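S.K.: Those sequence lines, one after another, are chains A and B. So for the first sequence, our numbering puts the first residue at 18; every next one is plus one. So for the second sequence, our numbering puts the first residue at 27; every next one is plus one.
Hints in this document: simulated from the structure, not taken from any laboratory. Some hints could be false.
[Stated by the list, open to error] Facing chain B, according to a computed beta carbon distance under 8 Å, are these residues of chain A, among others: (1) Ala32; (2) Gly124; (3) Met125; (4) Lys144; (5) Thr145.
[Said to hold, decoys possible] In silico lysine-lysine, DSS-like type, Cα no more than 25 Å apart, as pairs: (6) Lys144/A x Lys95/A; (7) Lys75/A x Lys200/B; (8) Lys186/B x Lys212/B; (9) Lys95/A x Lys200/B; (10) Lys185/B x Lys212/B; (11) Lys144/A x Lys185/B; (12) Lys200/B x Lys86/B; (13) Lys75/A x Lys95/A; (14) Lys86/B x Lys185/B.
Since this is a predicted model, take the numbers as computed values, not measurements. Glycine included, each C-beta is placed from N, C-alpha and C at the ideal position.
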Amino acid sequence: MKIRRRIAPGVVRCAVRCLFLAVTWARGESLVDRAPARTTAMSNPFEGQDRARRAGAKLFARECASCHGPNGAGGLGKAPPLRQAEVYRAAPGKLFWILRNGSLQRGMPSFAHLPEPQRWQIITWLKTPAT
Amino acid sequence: MIRYRAVATFVASPMILAVASAVFFQPCARAGEGPFFVSYTHQMEEPGNLEVTTKNITGKPGDGNRFLGCALEFEYGVKGWWTSELYLDGQATGNDSTFFTGYRWENRFRVLPREHWINPVLYVEFENINGADRSLLEVVGTDGEDDLIGPNSEARAEKKREIEVKLILGSYFKGWTIAENFIAEKNLSHAPFEFGYAAGISRPLALTARAERCNFCAENFQAGVEVYGGLGTHAGFGLNETSHYVAPTLGWALANGTTLKVSPGFGVNGTSARLLLRFGVSYEIDQFGRTVRHLFRGVGGSQ
């Protein structure tokens, strides 16, 4: 009986978590929404810098374009286009969180192997509206 | 004399592939395992990407002949959490012979979906090689310089069908890549478990990317050091009669996606070979799986 009492809360917690994951998966919640709220406090050290934007474009072409399209316009496989309002509006910290963690469920790898400044450079380019 | 021509094709195959891929496939991403040869980080291959690498090693053990061991590696990202690799091994020994020594099939599974301070990856490999294999992709048990001496005709008679498992722990911290690997290997015939370790740390020379496409900018170079060695068997666990190496490493990623790596490994005790020079070339083909699927669909559609 004691063992059952100890195990039961753990099983319930696990079930609730699985249900939560299943619901968010089924709803197709965007990755931006899944980023923790605390990430909104992070600021991009390269914001508005033209050199960082150009470096970000170079990095994007190398690391991201094969899935998200040459200019981030999408159209290749399942990866969504990134030239959209949701990305422009998103807090830089949320985009940084996505780059760091990726989403294994959706096939997006983690880009934590890139040094932090390079991830911010990509975000600088992403936040620049396409011309 | 080593039959260099026979192994030159093996060594240069990623270069050939790089040229071919530039014509037929998407522009490539950068091969991203850092400058290590023995240590694995927790970085997985991107889903659908194929990375082709040669890992070569040369050395002259004691009274033995100089050898060149080659491993041609095909690494494919099956899923974000699953990377599969096939190795084809060969070797050439001076005043002896050049031949194919076997194959390895390895799989890596990422355990945690998000990045943490320490990120575990499970590694399982099946090896079907012979005793003359010189690729030295890991050092386990009481592997040492003595294993590299002796005629190939005798060594190749020994069959090694082995299962190897690794616990890979990886971290990224302020631009530094840190990897620790714990290795256990078991010959499927009656042989004891053998253990080993590998650890590495590396960092790019610059953390910020330059705006221009360039080959010689500091961001393209990664320097580091790795240490690896054996830890005996389950019957005799420890450092007794094991070999250990310290190896500075340097990686250079060209703008076209080709990565070159070099690492001299210095043996630190009497059981180790004095110097092992490793060098390699790798090239990553973006979305190889998708491109191949489209090619076959195109063929099917035209019939």
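S.K.: All the hints need checking, so say for each whether the structure fits it.
M.R.: Here is how each hint holds up against the structure:
no.: 1; hint: Ala32; verdict: violated (18 Å)
no.: 2; hint: Gly124; verdict: holds (5 Å)
no.: 3; hint: Met125; verdict: holds (7 Å)
no.: 4; hint: Lys144; verdict: violated (16 Å)
no.: 5; hint: Thr145; verdict: violated (13 Å)
no.: 6; hint: Lys144/A x Lys95/A; verdict: holds (21 Å)
no.: 7; hint: Lys75/A x Lys200/B; verdict: holds (22 Å)
no.: 8; hint: Lys186/B x Lys212/B; verdict: holds (10 Å)
no.: 9; hint: Lys95/A x Lys200/B; verdict: violated (32 Å)
no.: 10; hint: Lys185/B x Lys212/B; verdict: holds (13 Å)
no.: 11; hint: Lys144/A x Lys185/B; verdict: violated (57 Å)
no.: 12; hint: Lys200/B x Lys86/B; verdict: violated (38 Å)
no.: 13; hint: Lys75/A x Lys95/A; verdict: holds (22 Å)
no.: 14; hint: Lys86/B x Lys185/B; verdict: holds (23 Å)
Figure legend: structure checked against the earlier numbered hints; hints not met, in rising order: 1, 4, 5, 9, 11, 12.
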